[in-house]
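Dock the two chains into a complex; use the hints.
Heads up: the protein sequence lines correspond to chains A and B, in order. Counted from 1, the first sequence has number 85 at position 85 by the working numbering; the numbering is strictly sequential. Counted from 1, the second sequence has number 60 at position 60 by the working numbering; the numbering is strictly sequential.
Hints are computed from structural coordinates only; laboratory data are not their basis. A few of these clues could be false.
To be verified - Just so you have them, the derived chain A footprint on chain B, three or more residues with Cβ under 8 angstroms: (1) 80 to 86; (2) 104 to 114.
Unchecked claim - Derived DEER-like restraints, expressed as beta-carbon distance ranges: (3) B/Thr101 with A/Val54: 56 to 64 angstroms; (4) B/Arg175 with A/Tyr34: 25 to 33 angstroms; (5) A/Pro115 with B/Thr214: 45 to 53 angstroms.
These figures come from a predicted structure and were not determined experimentally. Just so it is clear, CB atoms sit at the ideal spot from N, CA and C, and this is done for glycine as well.
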Amino acid sequence: MAIFGLGQIINKAGGLVYQRNFAEGLAQLTSNEYLVLAGTLHGIHAITSRLSPVGSSSGAQVIEGETFKMTILLTITGTKFVLLTSLSETTVEAMLQKVYDIYGDAVMKNPFHTPEMPIRSERFDARITALIGTGS
Amino acid sequence: MAYSQPHPRLSVLSTSSQSSTEHLSPTTTSTRFSLPSAPSIQSTLAKSSLPNRPNIYDRNLNKTRIVEVSASAYAFLFSELVQYTQSRVSGINDLERRLNTLGYRVGTRVLELMSWRAEASSKTPKREIRFLPALMSIHTQLWKAVFGKPADAIEKSVENADEYMIIDNDPPFERHISVPRDMSQLSCSSFTAGIVEAVLDGLGFPARVTAHNTPNSQYPTRTTILIKLEKSVLEREDLLKQ
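Bound-form chain B, shown alone (with noise of 0.2 angstroms):
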């Protein structure tokens, strides 16, 4: 069932009686049975397939804002995002230390749309400079840009300068999680610390983020996201507020 082919030993590039274009092209040649030819077919997958809606990377930016995700399907897919990345561990510092990675990913492109869907429209668009807008920032916008409703508090660390933690007292990922006893240290908010991380990089606050369980009596599941800011953050800072 082979269609002509050239002579092995013969070059493609030979002025022989076989044009190049004659031979690669299946329709052209002179076999018993006809291929019907590979382009046509893919056309008409492709426009049989979506007709009329657009495809999820063409919509508006803006029209999908109040678009919301099923939380079960979400579940789902970040369970399998901790179980993907279990497997391939050795360590829960390591397994902390992947979610965040992951996290920052997600981080870099939410800060992006954040920004766009707030700022685009207006004549003067903003950008936070000072830490602690940016931290407000991050406390309300972000978390309702994420999860729907905004983080439920921010404190400042007495013992080190450049310490400040958001606390989440009902992290949406961890809704469904149960860590067993033997890694009890886990916090599978890691995810969320690497999005805080990868939010405060782009805005210019580089800092090292990590989550941590503060469970309470009122609320076991209590989260609290770490901030630790680089020194330079906070030699600007200091010198920004003379």
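Bound-form chain A, shown alone (with noise of 0.2 angstroms):
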């Protein structure tokens, strides 16, 4: 059974874009802390993509731990979509790029965007509870 935890959009810049919690009763960090988690990863998805023993490589795709895992899709423009999940999910990329595609609609479109900056559209809050519901 999967479980869904927290869910964030990472801008070029490594700047926090979007966050979002998705099941309840998990540890609820300070926004603050939300930051900082999103600043971290982008610094070490730009390391990882140096680290490859084999050549040219993206950046670190899924963080394992012993009970969760981490996915994180770059897109072409830069833009992180970084997902937490239990480890029996199996489809969490079909899901990342479902949001990726919610994001081009609802937020790219959206003339009250200014692009990079933090997400407020209740258009694209409703969109991913109706694709990914309550996390369970």
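Have a look at this one:
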């Protein structure tokens, strides 16, 4: 059974653009800690893109722990979509692609959104909720 | 690198040794390097870029009837349109008014094209002269021509005799727009209202058309286009009724 935890969208400068907790009852971090997490992930992703022993590579895509895994989708424009899930979830990549689709629709086509700035869009929130639900 | 120019005080009309045509054309000057003549470059460029494909303006109007435009491409264009307008206005009313004007310009052309496509091939082209059939044609034909589907409802207001409403449950222009909370009165369907206003004006029913958000539980983006007819139209309708 897959449980979705934290979802984040990080812009190409490393700043946190959107973040959302899905399942209830998970550890709550302060908003400052979310910003630090986003910045750290951005840095790790940049560093890991240089570590490949066989030539050029993208940055880290999956980071696994004992009970969770974190999947990062890097888009062509440098935006990163991050999702924390339980280990048993298999369709995270597809899910992240769909989040990217929704991002393209609800955020980029919205005239009231400034690119690279925090996302404040009801339509985006509603569609993400419809897609991921409550996270379990 | 100047080609031989006439002395500045020499008048162009004077009958000096340099004829006026000679000094205007760069190819006939006596300079050290030769300039390629400008006209031939332009003609080769024009020919090479579009050898056989007709210009979009030369295409048959009837053949392009069923061609569709990418909704995403249009969404980006409309988004930029709203942003462009927003940076030049002072308030919500002004923004709606400008979107209305932009829609008006589209509407005049849509009316022409719609009428041409519908009636040009028939032997007895018709035109609606009464208001209700005109409203019906806007509800179905205009919406189909612009959005690909008829509008969802027409209503007549009970309080005022000169108000009619066209309702769209999911306006295609607004599908990706989330208006921020401090501008919640804004309806980007003012663009659509402008289109309707132009069509009504063209058909001979001057009116003031505005768009309002009327969400209900089933359709949170439901929009109402409110048509307020001018007095002259009502009087004319009364006369024609007898």
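- How about the segment 104 to 114 of chain B: do at least three of its residues have a C-beta closer than 8 angstroms to a C-beta of chain A? Check failed, 0 qualifying residues.
- Given the range 45 to 53 angstroms, decide if the beta-carbon distance of A/Pro115 to B/Thr214 lies inside it. With Cβ atoms ~31 angstroms apart, the hint is violated.
- Message: Taking 8 angstroms as the Cβ threshold, is the statement that the segment 80 to 86 of chain B is covered by chain A upheld or broken by the three-residue rule?
- Response: With 5 residues closer than 8 angstroms to chain A, the segment 80 to 86 of chain B meets the three-residue bar; holds.
- Message: Just to be sure I understand the hint, the distance between the Cβ atoms of B/Arg175 and A/Tyr34 should be within 25 to 33 angstroms; is that true here?
- Response: Given range 25 to 33 angstroms: holds, Cβ gap about 30 angstroms.
- Query: Is 56 to 64 angstroms a correct range for the gap between the Cβ atoms of B/Thr101 and A/Val54?
  - Reply: At 60 angstroms between Cβs, range holds.
Going down the numbered hints, you'll see the structure goes against 2 and 5, while the others check out.
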